[in-house]
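Number of protein chains: 2
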Amino acid sequence: MTRAPTTGAVVLGFDVGGTTVKAAALDIDLQPLATATRPSLRGPGILETIVEAAAELTASLSEEHRGRIACAGVVIPGVVDTARGISVRAVNLDLTNVPVAAPLEESLGVPVVLGHDVLAAGEAERRTGSANLVDPFVVVIGTGIAAVAYVEGRAVSGVSGQAGEFGHVVVRPDGPLCACGARGCLEAVASAGAITREYAERTGRTVAGAHEIVAALPDDLVAADVWAEATSALADGLLAVCALLAPGAIVLGGGLAEAGERLTGPVRERLHERAHVIAVPPVLTAALGSRAGVVGAGLLAFDRLGVVVP
Amino acid sequence: MTRAPTTGAVVLGFDVGGTTVKAAALDIDLQPLATATRPSLRGPGILETIVEAAAELTASLSEEHRGRIACAGVVIPGVVDTARGISVRAVNLDLTNVPVAAPLEESLGVPVVLGHDVLAAGEAERRTGSANLVDPFVVVIGTGIAAVAYVEGRAVSGVSGQAGEFGHVVVRPDGPLCACGARGCLEAVASAGAITREYAERTGRTVAGAHEIVAALPDDLVAADVWAEATSALADGLLAVCALLAPGAIVLGGGLAEAGERLTGPVRERLHERAHVIAVPPVLTAALGSRAGVVGAGLLAFDRLGVVVP
Numbered sequence: 001m002t003r004a005p006t007t008g009a010v011v012l013g014f015d016v017g018g019t020t021v022k023a024a025a026l027d028i029d030l031q032p033l034a035t036a037t038r039p040s041l042r043g044p045g046i047l048e049t050i051v052e053a054a055a056e057l058t059a060s061l062s063e064e065h066r067g068r069i070a071c072a073g074v075v076i077p078g079v080v081d082t083a084r085g086i087s088v089r090a091v092n093l094d095l096t097n098v099p100v101a102a103p104l105e106e107s108l109g110v111p112v113v114l115g116h117d118v119l120a121a122g123e124a125e126r127r128t129g130s131a132n133l134v135d136p137f138v139v140v141i142g143t144g145i146a147a148v149a150y151v152e153g154r155a156v157s158g159v160s161g162q163a164g165e166f167g168h169v170v171v172r173p174d175g176p177l178c179a180c181g182a183r184g185c186l187e188a189v190a191s192a193g194a195i196t197r198e199y200a201e202r203t204g205r206t207v208a209g210a211h212e213i214v215a216a217l218p219d220d221l222v223a224a225d226v227w228a229e230a231t232s233a234l235a236d237g238l239l240a241v242c243a244l245l246a247p248g249a250i251v252l253g254g255g256l257a258e259a260g261e262r263l264t265g266p267v268r269e270r271l272h273e274r275a276h277v278i279a280v281p282p283v284l285t286a287a288l289g290s291r292a293g294v295v296g297a298g299l300l301a302f303d304r305l306g307v308v309v310p
Numbered sequence: 001m002t003r004a005p006t007t008g009a010v011v012l013g014f015d016v017g018g019t020t021v022k023a024a025a026l027d028i029d030l031q032p033l034a035t036a037t038r039p040s041l042r043g044p045g046i047l048e049t050i051v052e053a054a055a056e057l058t059a060s061l062s063e064e065h066r067g068r069i070a071c072a073g074v075v076i077p078g079v080v081d082t083a084r085g086i087s088v089r090a091v092n093l094d095l096t097n098v099p100v101a102a103p104l105e106e107s108l109g110v111p112v113v114l115g116h117d118v119l120a121a122g123e124a125e126r127r128t129g130s131a132n133l134v135d136p137f138v139v140v141i142g143t144g145i146a147a148v149a150y151v152e153g154r155a156v157s158g159v160s161g162q163a164g165e166f167g168h169v170v171v172r173p174d175g176p177l178c179a180c181g182a183r184g185c186l187e188a189v190a191s192a193g194a195i196t197r198e199y200a201e202r203t204g205r206t207v208a209g210a211h212e213i214v215a216a217l218p219d220d221l222v223a224a225d226v227w228a229e230a231t232s233a234l235a236d237g238l239l240a241v242c243a244l245l246a247p248g249a250i251v252l253g254g255g256l257a258e259a260g261e262r263l264t265g266p267v268r269e270r271l272h273e274r275a276h277v278i279a280v281p282p283v284l285t286a287a288l289g290s291r292a293g294v295v296g297a298g299l300l301a302f303d304r305l306g307v308v309v310p
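These protein sequences, in sequence, are chains Z and R. Take the first sequence: its letters are residues 1 to 310, numbered as in the working numbering. Take the second sequence: its letters are residues 1 to 310, numbered as in the working numbering.
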């Protein structure tokens, strides 16, 4: 790849999750010109996965588009040092203090900007999707759970830069052990990962992902029970958010949000059931769905180029 | 009382809580020239209590100060319409849509500004006390529990104006019933009211307030147990706050915070014990203690007068 003019620029976006790396080449309208998905590796080997996904993307682009790749955005969970392009800690990926941007710039031959997956997804939803609302609370539910709160139009990053760890709000003090070491974190009950683990444990059947459990609703009684527990826990966590922040909307995104109304319905119902003095805002699914992260990564790249996207 | 010039102005501050009305006449340095405390009434009769407290204050002022009373600030819990001076809902005081500012202006003969108790206390701490820190989370623990979060230097009021209902974060899903109708709210476990109720229930002995239970620590084993449960629950609620907002400090205020290190110690300890991936900021007691509300009410009054206090 060679440096390209920013007019008609194409960017590469990589959403590095605990289960898969989603990649896309995006045009200025944030539309995918090519996409690729690879299983995630744990540890620094994940960088090689990103390089492979980039090669797959470029191979499927037209020559014209290929020549216009100008920048890449990579978003990653956990604690991210965006200025230095380092993954400070990503528990689900087993990364600690791993430089990401610099080695990828070397391999890809374009500037690489590193960002936090949920902040990026929230911003993508906010700028292009359903979260174009007053101060939404945007939740991304995938292998893990994280969120971004907006207050007066700005994402809350916190004094330590570590705000939005919604997945580690304890909702079930006697609940299952979380990967973080605590007990009963929301992520340990309501993430796609937790749901598939719980279902497999109860039935002895391994499923490929939470979408299979959603598809089995409502007839599969174990699926229904696991789903009810997950959505209840999610609503309980959101109730704390409503009490503390009174957001203008709750936007549920990430892979699990592809369940649509089967997710928002029970969450909304339980929120209203339990919110005695707390105002409950609209509960929506993210318009970009599980694409929010990769679009957010693309937005970071266009922002770095100084290109204003719609 | 008659209108007075704002130079050397004296203001009256009233902190209307679920148990007492705390009143003070304050000079420009926010120092109390006179104080008064009266038991709270439930229902609109509370206005008469405020008028009586005002009379008590003025009676104990020097003639010079009395002539300089220029404004009064009243702060109250629950949902407050500050623009119209109305208590929209205050569960602990049994008020619904009760005009407060207008009738008090009539009785007191000075402009009256109505505010939210916790926002006012937080602002008082922030401007004069220990919370002069980057984005603190200021909790006021009295009959109930509420809080104000600061993000990038501004108090979070939420889209509905109802942010800060920290007392209604559910920390014990199977815990005691809260006055709000939900089960296991932080306020139902860790407020001064909840602690005294729980102690009375277990021992059959009625105590005048939570300070008696604190005084009985650590030898009174029931007191120790009730206190441990309350501080644990408080820490669990604060852990959710740290996860979501990553505040720069936690400031504990209100009557219960007069316990000082006996409150902050166990809260800090449990926070560190349970925060596996969450950053824990310093945990401090409010410098103004239980005076924060009344000083905050005074600040509102000086703000209304356009007088810049230190």
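Don't read these hints as lab results, they were simulated from the structure. The reader is advised that the hints may include incorrect statements.
[Claimed, not checked] Partial selection, computed: residues in chain R whose CB lies under 10 Å from chain Z:
1. F166
2. R172
3. P176
4. A182
5. G237
6. L244
7. V277
Note that beta-carbon positions come from the ideal geometry of N, C-alpha and C, so glycine has one too.
These are the hints, each one checked on the structure:
1. Against a cut-off of 10 Å between C-beta atoms, the interface hint on R/F166 holds, since the closest Cβ of chain Z lies about 6 Å away.
2. Look at R/R172: its Cβ gets to within about 7 Å of chain Z, closer than 10 Å, so that hint holds up.
3. The interface hint given for R/P176 is violated, since its Cβ lies 14 Å from the closest Cβ of chain Z, which is over the 10 Å cut-off.
4. Checking R/A182 against chain Z: minimum C-beta separation of about 5 Å stays under 10 Å; hint holds.
5. Against a cut-off of 10 Å between C-beta atoms, the interface hint on R/G237 holds, since the closest Cβ of chain Z lies about 8 Å away.
6. For R/L244, the interface hint holds, the least distance from its beta-carbon to any beta-carbon of chain Z being 6 Å, beneath 10 Å.
7. Taking 10 Å as the C-beta contact cut-off toward chain Z, the hint placing R/V277 at the interface holds, the least distance being around 4 Å.
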